[in-house]
Structures are given as C-alpha cells and as structure tokens.
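S.K.: Construct all of the structure, not just a fragment, from the sequences and the given hints.
Number of protein chains: 4
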Amino acid sequence: MVELDQDYSQAGFGGSIQPGARPALLIIDFVRAYLDPECSLYAGVEEELAQAVNLLGECREAGIPVFHTCVEYDAAGVEGGVFYRKVPALANLVKGSPYCAFGEGLEPAEGEVVIVKKYPSAFFGTHLAATLSSLGVDTLLICGLTTSGCVRASAVDALQYGYIPIVVREATGDRDERPHEANLFDISKKFGEVIGIDDARRYLASL
Amino acid sequence: MVELDQDYSQAGFGGSIQPGARPALLIIDFVRAYLDPECSLYAGVEEELAQAVNLLGECREAGIPVFHTCVEYDAAGVEGGVFYRKVPALANLVKGSPYCAFGEGLEPAEGEVVIVKKYPSAFFGTHLAATLSSLGVDTLLICGLTTSGCVRASAVDALQYGYIPIVVREATGDRDERPHEANLFDISKKFGEVIGIDDARRYLASL
Amino acid sequence: MVELDQDYSQAGFGGSIQPGARPALLIIDFVRAYLDPECSLYAGVEEELAQAVNLLGECREAGIPVFHTCVEYDAAGVEGGVFYRKVPALANLVKGSPYCAFGEGLEPAEGEVVIVKKYPSAFFGTHLAATLSSLGVDTLLICGLTTSGCVRASAVDALQYGYIPIVVREATGDRDERPHEANLFDISKKFGEVIGIDDARRYLASL
Amino acid sequence: MVELDQDYSQAGFGGSIQPGARPALLIIDFVRAYLDPECSLYAGVEEELAQAVNLLGECREAGIPVFHTCVEYDAAGVEGGVFYRKVPALANLVKGSPYCAFGEGLEPAEGEVVIVKKYPSAFFGTHLAATLSSLGVDTLLICGLTTSGCVRASAVDALQYGYIPIVVREATGDRDERPHEANLFDISKKFGEVIGIDDARRYLASL
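Chains as they are written, first to last, in the working numbering: chain Z, 27 to 233; chain A, 27 to 233; chain L, 27 to 233; chain E, 27 to 233.
Treat the hints with caution; some may be incorrect.
A pair holds if it fits inside one copy or across any two, identical chains being indistinguishable in the list.
Unchecked claim - Straight-line C-alpha distance at most 25 Å; calculated SDA-like pairs for lysine to any residue: (1) 121 <-> 72; (2) 121 <-> 70; (3) 121 <-> 62; (4) 121 <-> 136; (5) 121 <-> 98; (6) 121 <-> 28.
No wet-lab data here; the hints were simulated from the structure.
M.R.: Written out as structure tokens, the structure is:
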C-alpha cells in the first residue's frame, strides 16, 4: 500500500506526534475469552500475549502507571445496551464467567487500576480519563485486544480526551490479519502512533 | 471476503439490530474541504454528495430531526488538541475558511441543529447525545465523510451512547476505497448496520 | 424564603417540567457509611432510609428499571482522583469495607443495575447514561444520599444528559438540614422537580 | 455557621487541596444577560465584574491559558434540551441576542478559547476537558456567574475531570446572597477551594 501511504501523506494526514514525558500503560481486554480455543472469541494471539507480558514488565520497571481493562455484564446484558444486542458473542463475558479473567502473566499488581468497561472504548463510561488527568499523564502506551474493536476505539478516544496514543504493534492483536492491518493503518494516519516494542522499550528507557 | 464474513458470524459478531421507531438523521462533515479539488482533503465524493442530498430530502419529508456536523478551529488549533497536531490537514478548517461551508444542497434548514465539532466523533465534546436523549430519539441514520475517520468514530459512539447506528452506504464516502470498505466491514460486524439508500427509504416510509 | 421564591419566579426560573412516560428509579449511595453511627460520614437518615425502602418497593411493583449506586476505591484512592484528595472521609469507602454495603432493605434485586461510581455524579465515569438511553428511559426518579453532594450532582447531570430529574424529598437526606434545603431549593428552581413521596406514588400509579 | 464548619471538618470533609503548577483561568458566563437591568436574569454583579476584569488582567500577565464560556441556543431551544424547558429565562440567550455578548472588559483576546455551552457545566457537551488535558493544565481558577448555577456545576465537573478547582470569591456572583453563600460552602467543603482575589494574585505571582 505504498501509494496509499503517499496519498495520505500528501493530503496532510499522518503527522507524527512525539510521546510526552508522563506516559501510562493501557492494556485492553487481554482476557481469557480471546485466549481459550473453546471460546468463540478465541483470537489466536499467543505471541501478542507474550509480548504484552514483556511490555508490562518493562513498564513496571519504569515505574509508570498501569491500567488494565476487562469487560463484564449482568446476566441479562442490560449494561451492554445496544452493543450487547449487536454482538451476541458478548454473552461470553457475563460476570463470573472464567472468560472474564486476565490472561496469564497479565494479572494486575497492587496499585494498578482495573477498569471494568461495557463498551469498546476504555474511556467510555469509565473513570479512565479522570484518573489519567488527575495523575498528570500525557501519553498512553496502548496494547491489547482487539485491534479492530476495543483498541481502535480506545486509541481514538485517547486522542480525543487529550492524550497521545501510542499503539505497540507486537502486543496488539485481532482474530484476522486484514482488519488488524487496516485498523493499524487508520490509527497511524489519523489518531496516533503505531510503534514496535523495541521503540517502546527505548522510549521507556529515555524517561 | 466470504470466509471472513463466515468467520465473524460463527464467532458471534454481526448480530442484526432492528432500527427503532424514533430515528434522527446525522450528516457528518459534508463540507467543502472534501468537495473542492483545490483542497488537500478533497475526496472525490460527488456521487455520495448527490445521494446525501436525496437522503436529506427524504428525511425532511418524513419529518425526523436532522443534525449537521461541521468542524471549525481557532487560528492556532488549540481547540483541536492532539488531533490537530496529528493531522496537519486540519489547518484547512480554521474558522472563517470557505472549506468549512456545507456542501451544495446540504445547507441546514431552520429548526435543524448544527453541531460544530473539534474531534472525529460527532458526540465527543458536543451536545449531540444530550439533544438526542431529550428528543427521545432511539436510532441514528448516519451518512457523510469520511468513513474511516469521523463516520466510524461517530457510529461507534452512537452505539456506546445507546443509539442504534444505521450507516447509509451510498451517502457515505472516503478518499480511498480500501479504508472505506474496511471500515464499513468493521461497523457492520461490531457497531451498527450498514444499509443501502433504498432500504433507508423503505424504513422512513414505514415510520 | 417566600420572597426568594418570588424573585426566582419573576426572573424566569423554576419552570415546571412534566415527568415522562418511561421513568427509572435511581437510588444514590444509600450505603452503610451514612447509616452506621460509628462512621464519620453517619448522616442520621433512618427516616429517609425507611422512605427509600418504600419507594423502591413501589417502583418494583410498577415494574420500572431500578439503578443503585455505590462508591468503591482502590486502597490508595488513585481511582478517586482529586475528589479523594479533597474529602479525606472517602477513605471509609475503600473496596471491601463494610461501609460500602447497601442499607438494609435496599439490596439490589436480580435484574437491577448496580453502578459503582468514583465521583459525586452517578453519571460521571459510569455507564448510567448509556444504559438509560438504550432502555428508552426519559425520566429519573432520584432519591438517596447526600442532597448537597451526590444527589445534587446527579440531578444536574440527569438534566444535562437529557433526562427529567424528579427528586423524591422524603427519601433524600443529608447530614445537616441547611445544605439539604439549600440544595433542594437550587434543584427545584434550575435543574428538576422536587416532589413528595405521595406524588411519586400517584405518578407511578398513573403509568 | 461555625458549628456547621466544625461538623463537616470532624466528619472528614474540606480537606485542602493545593493548586498545581499549570493553571488556566475559566470565566463562566459573564455575559450581558446578567449585567443589563432590562433582562430578567440581571444579577446586580457590577462589583464582581470589576474583579473579574482585574483577575483576567493578572492571568494574561501571568501568561496562563484563558477560557471564556457563554451560552447560545437555536431559536426553538432544542439545543437546550430539558434545561431549556426547566428555565424559561434561557430564552434570553437565543443566538444573536445582545444578551449573549461578553461583559465590558471581558472580551476574549486572540488566542483565548471561547466555549459555547448549552448546559450549566462548562465541561458538559464541550471540548473544555479535552483542551485542558491536551495543554497539560492541572488547576482551574474559576470565576463568573452564577454561583448556584453554572459556577457550582463547573467546579464539580472540574474536580470530576481531574482538575483542581479554585473558585475566586470576589469575581463570582449570584442574584441572591443566600444561594451564593450556600454554594460556596458546598464547594469549599466537598469539591474545591474558595479563595480571595489577593490569594489568587499571590498564587499567580508564585508560578
């Protein structure tokens, strides 16, 4: 898609925004529903899980704030509103289901904030923006699942709420490569930066 | 993408949500920046404009509420926050620029609400959700520009805020077919319905 | 305050808004922190509790949606942001504290939504507005604690989000009569209706 | 109200939050509707206006970001939703009315952001929070009209969105002393700091 890249650049998309001095890490919905082959939401993201565990470790070492999101609904799905009606697979995420648990190696540590969300964006209907703002965060390292769903929605909202969204490619995944790549393209051109995990590492080291 | 369709359906995506009894029309950013070949944002969407004019006419006849969005920034772009830094082309939309004007045939009529927004989503930082709610609207017919930017962000937010998003395909456009189709796919599977203008017409007639 | 009433009326405040046809009940923070004399937040609202239990019973009989809010923070209070720094008494509401439990007779029933909030308004950083909207609610019967804190903030937000706020006087309380009355005055003049529990009963019967 | 003060302090309200290093000024609704004795909203706040002009001058000298809010509705008041129905006096603020203009000496300068709002809170349905966040602001000096309406609602939201609200007493006013004082009391105990203009001056000098 070389010529698509060029077309976007000439049109004035894709300006590069520099990460700030006060980042936080946001790990989106890395829960067992996407990791267990028994679940219809299984996404085949074992490698991305391993990289997310690495990234989490580096962020803990760097001492930056860490946020974990997960999804949980009441038994009838009333809390999921129109989203729950649109995506029948969300019934896998009723409160108490083992599919709601965090992936192995991604369990929240003490002092890390868990955001229980009902919608695609980690910001929508949650206290994420207020917490980031009260902590003075300016940049959000983002990873998790899935690129075309909650990662994209959260990256767009990060930008909207005034934070610089930096998606870490290797630690972000989806059930199919095509929506994955299409959404990374959109994010990189209009909403934030998409970087490799080595660049994330260098950035953390530079703080 | 037959097999991608099947994969999503089997996984429990793409449930069909029925439109409600109290729709409104939301026309997103159909402004001259995208219609004037002199502007870098020009998207070649003349046919989509014609269809949007048709759709607006039908909605007026049906007597449903109509919302128009446009984008306007202060000269320094402070109001555009991180978005303005990310997309240099937004400098075309500084208040007072002729590029901010609505496309021909899409000028707001008396009694129609104009939402001046700063970010991709028509809901973000605007009184759209409050107005829809106070009017008892339950469904949002959505058209406009661009599919991979403000239309997608607004459709996701419509769902999140509790409205049924119905994107009208022929009246929605983008500068390139690939992001256009990729985003209609994501919307149709996870966030709302994508319908043809003839179906929109039948729906309006059924009210 | 007869002459204050008159001054406000002549100035064009206090227009009476009629309740709609699709109400929900919102019970705000009726938790043990305010009910247990051992806790510094104890507010002496035993009579209001009894009336809230009555109101809840009537709403269940009428079959309208019921929402309960409570407050819970992480051990460090990071989730409470600036609010937690401003009000040291919020340390009583760290997750796991018995003070977080609902008052006797106000335990949520199956199918009723529990909103765990971090801030004064029941709408702020929660999925309340989205759920109300997706259910087609137009009116919010409000009761709970405390008038000058979370009840006022929630009533103002109900109005802002497009819902008609109806505060039920006898089921709403505060630790001191003066802020209680001052805030009911403000609400009744600018943000919503303040009615007696008998009027609430008649309204529910009329649905 | 000495004993009320004591009661609140002993209960754990009124913790003092220190202003941060990156403040902005928010001047709320200082428009002619409240300044012209012909308008029913006239509030008799000439002295407060003079002090707001002073405060604005000091903030400009200190070089901090300045935000001005005003209110404007469409002719039918649809944009005002339930608020417009509740407060008939808002009809004075239809777009184009001379009552919408800023008070003398408070006209926005180039580079200052104007927030056109529809609801009590300066944050609700506006891009204020996003702009503050993208600028790295941590503290909001607040003044304007009226204490029991838009100032209180904005101070509560400032706290909720993660900013330290500092209301400057002499530059803030209302049509009656009783709601004015009652709301300053609530703000000072639960939502923010209320300081004198001399303290504001010292704070600005200390930056």
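S.K.: All hints are to be evaluated individually against the structure, with a verdict given for each.
M.R.: Checked hints:
no.: 1; hint: 121 <-> 72; result: within (24 Å within a copy, 33 Å between copies)
no.: 2; hint: 121 <-> 70; result: within (23 Å within a copy, 35 Å between copies)
no.: 3; hint: 121 <-> 62; result: within (17 Å within a copy, 30 Å between copies)
no.: 4; hint: 121 <-> 136; result: both (22 Å within a copy, 13 Å between copies)
no.: 5; hint: 121 <-> 98; result: both (5 Å within a copy, 18 Å between copies)
no.: 6; hint: 121 <-> 28; result: neither (45 Å within a copy, 33 Å between copies)
Hint check: a violation occurs at hint 6 only; the rest are consistent with the structure.
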